[in-house]
Amino acid sequence: MSTIATLAPQAPGRRFSWAGRAAVAALLAIVVYGLWSFSYEVSNGLGVTAMRNIQLWGAYIAAFMFFVGASAGGMIVATIGSIFHIDKLEHLSRYAIWTSLVTITVAGLAIFPDLGEPQRFWHMFVDANWTSPMIWDVIVVLGYGFFNLVYLWLHLRSDLAARYRWLGFTARDSSARAERRYGRITLGFAYFMLPLAFGLHSITAWIIGTQPSHPYWYSTVMAPLFISSALVSGIALVLAVLLVLGRLGRLEIGADAQRFLSGFLAVTVAINLFLLIAEAVTMSTGRQPGDWAGLHQLLVGSDAWLYWTEIGTALVALALVISPRGRASRRFVATAAALGLVSVAFERIQLIVGGLRYPNLGYAPGISLGTPSQVTTSGVPTASSFVQVAHYAPTWLEWSIVIGLCALWGLLLVLGVRFLPLGTPRHSGGQEPVPLPSAAATSPARDVGGPVPGIAGAGSEAFVATPAPVLSGADVAGVAQSDPSLGSRGGASAVPPWRGRL
Amino acid sequence: MKTTELTYPANPYGRHDEATYPKAKWAMVIDQDRCIGCWSCSVACKSNNNEPLGLWWNRILTVAEDPTGLDVTATGGIDEPVGEYPDLALAYLPVNCFHCDNPPCTQVCPVAATYQREDGIVMVDWDRCIGCRYCLIACPYNMRVFNWSVPEQVPANADPANLDAYHVGDWAKPPRPKGVVEKCDFCYQRVDQGMQPFCIEVCPGRARIFGDLNDPNSEVSQLLAHTSVTQVRPDFGTEPKVYYIPPKQTGGGARTEIAPLFEDPERRYLSGTVVES
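So the protein sequences, as listed, match chains A and B. Throughout the first sequence, residue numbering follows the numbering used here, covering 1 to 502 in sequence. Throughout the second sequence, residue numbering follows the numbering used here, covering 1001 to 1277 in sequence.
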């Protein structure tokens, strides 16, 4: 038993449940609040943030790097399933691609609040300076976002055309032959998307990794570290999304996929920790000014709480999924995924804050902050406009914009899960979904997309070693027996009907 | 001595690539033994260039412990001598943009809003800057400053809608829009007119010398040839064009033989032979 076919409770025209509507309304409200915060920042300048001439970048760049990493990691999860013929991931790849697309969209938007003159962004396209890593990052983010969309469309093509005819464009043909042809194109595209995802986060790492002015950043480990942390956050994010959707009854991860993904998570967390240790060891023997100061602030100084939270959460996550028992437990895996996300988020913040803590010329009085000195009415100065060491804590406005971006991420994700045929297996051959007897009996209101025998076998021979099996009651029972940790949600028939709607 | 009629660009904060002396390579030498730490140059710079409150293009750092600036943790107080009484030493490090020969800031600017003129002056185009602050990240010396909020001037601009109406310092340096980067530009409007940058003119200790590196007879070329000069943190490979005569190395007498030859009583105009295009 290798694969559990997915549930696809997504008939066109189905409406949101009341809980789903409330969630969408809440997310929308937070997005609007984030937009208002952004407009407030645009009209008042970046002075409303806690960034100043010494702390040049802050929460926005950290959020950008976090989202970019999670998107790249999600895409890597989605493509390795195709490239290495990992059938157990096949039914999850659409969710992974959609998560990745939503995440890169939010990442691209996270740049705008960081710009002093966001309305001049178009200069990037007409006055591009090709020696700037930032131009290459803009190109790779836009290109990756675009090709991510194409890749998603290739995956969804026939199902999309069945639901929204115009979205099939000129490729609405859902015959077995067309499926085979597009299957090959999709597989070829995976070979393109995987290196692109690596390139995406490497170039993002090189934005800071190519700056000798900041000894903490100027390190060869930066790109590998960004890739390893991207994998941690990407796998953790995809796992979290899948587990939440599983909890809501939208899909079934399957025991094999859960084991595989959480094992992959454990490996990448370990690699990430290894690279962090390698960097710390190198810094401890550094002769560059700032190396020792940087390590000191990291281990026992003002950034220590960020650093040790990052290390601690990664260690706990690793411990949770390092054993087969842990990987089989849904609760352990969910906790490990959450901790992995927290660890990478702290890594990003720690990197941005730590790299900017000490200026290279730290002599008194220091760097002019960019805001006037604070003086009481009697003329007593309370805060100098010069500073020698950065102390950064984001303002409420920065938090508002970052939370708004997160809400936008959630909103886009929910809308996609609701309106896109993400749950339908790729090899359904575009046929009308065949209701599963057991599921139909439990929940008659829901269509269950399952592969049609014969067509699935014929259409997937080129790129799937084992055709996706038809979900039957016996299979479900077998899984439930072989893996008791999956509990009552081990099979389609066990999903309570009230959980079927988002 | 040469004075050129200056033609200002139509847009005072736009690009100004054209130099009056394109074959020149402007540089600055600062004699640390002659700097008394009075901040006259900083204040003059601030007023001439209409720098907003909280932004300084030109600062006087008090050197603590390590005169090479290699130890980032050595951060004493302002005007604070180092050493044990009675063996105290006090030295200042006046800093402004080094106008590096190999500037990292112009390499990273995604829109080429910061660029180097033919005569080596590193400029910022306030019309194009998108405010990403990548150049501030790239500058190893933190010489660049950013307009975080709407620039606040004292005295305030009477007509905030019309930035060009502001005439306190140099009229070609109007208040900037918020969200753009600014920094020392060697007072390029004055230089193009055959004048010294304002900090040179006002320095009471005559610690600052400005001139053309391509002219072997200029004061900076002579100083570079005849005294031992250092640069701040040249290990970044930026080749800064602001040179320092370090304190206590020559007893403060390094310049006495050379300087008077070049001195213009007002120190207002560029001296030596300026190579014309």
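A hint or two may mislead.
[To be verified] Residues from chain A shown here face chain B by an in silico Cβ test under 8 Å; the list is partial:
| no. | residue |
| --- | --- |
| 1 | Ala50 |
| 2 | Gln55 |
| 3 | Phe112 |
| 4 | Gly116 |
| 5 | Glu117 |
| 6 | Ser132 |
| 7 | Met134 |
| 8 | Gly168 |
| 9 | Thr285 |
| 10 | Arg325 |
| 11 | Asn360 |
| 12 | Ile367 |
| 13 | Gln374 |
| 14 | Ser378 |
[Claimed, not checked] To spell it out: a stretch of chain A is covered by chain B in this simulated footprint if at least three of its residues, at any positions, have a beta carbon under 8 Å from a beta carbon of chain B; those stretches are:
| no. | segment |
| --- | --- |
| 15 | 27 to 41 |
| 16 | 244 to 250 |
What the hints contain is simulated information worked out from the structure, not anything from laboratory work. For glycine and all other residues, C-beta sits at the position ideal for the given N, C-alpha and C.
To see whether the hints hold, each was checked on the structure:
no., hint, in the structure
1, Ala50, "violated (10 Å)"
2, Gln55, "violated (10 Å)"
3, Phe112, "violated (10 Å)"
4, Gly116, "holds (2 Å)"
5, Glu117, "holds (4 Å)"
6, Ser132, "holds (4 Å)"
7, Met134, "holds (4 Å)"
8, Gly168, "violated (38 Å)"
9, Thr285, "violated (17 Å)"
10, Arg325, "violated (46 Å)"
11, Asn360, "holds (5 Å)"
12, Ile367, "holds (5 Å)"
13, Gln374, "violated (10 Å)"
14, Ser378, "violated (19 Å)"
15, 27 to 41, "violated (count 0)"
16, 244 to 250, "violated (count 0)"
Of the hints listed earlier, those the structure fails to meet are numbers 1, 2, 3, 8, 9, 10, 13, 14, 15 and 16, in rising order.
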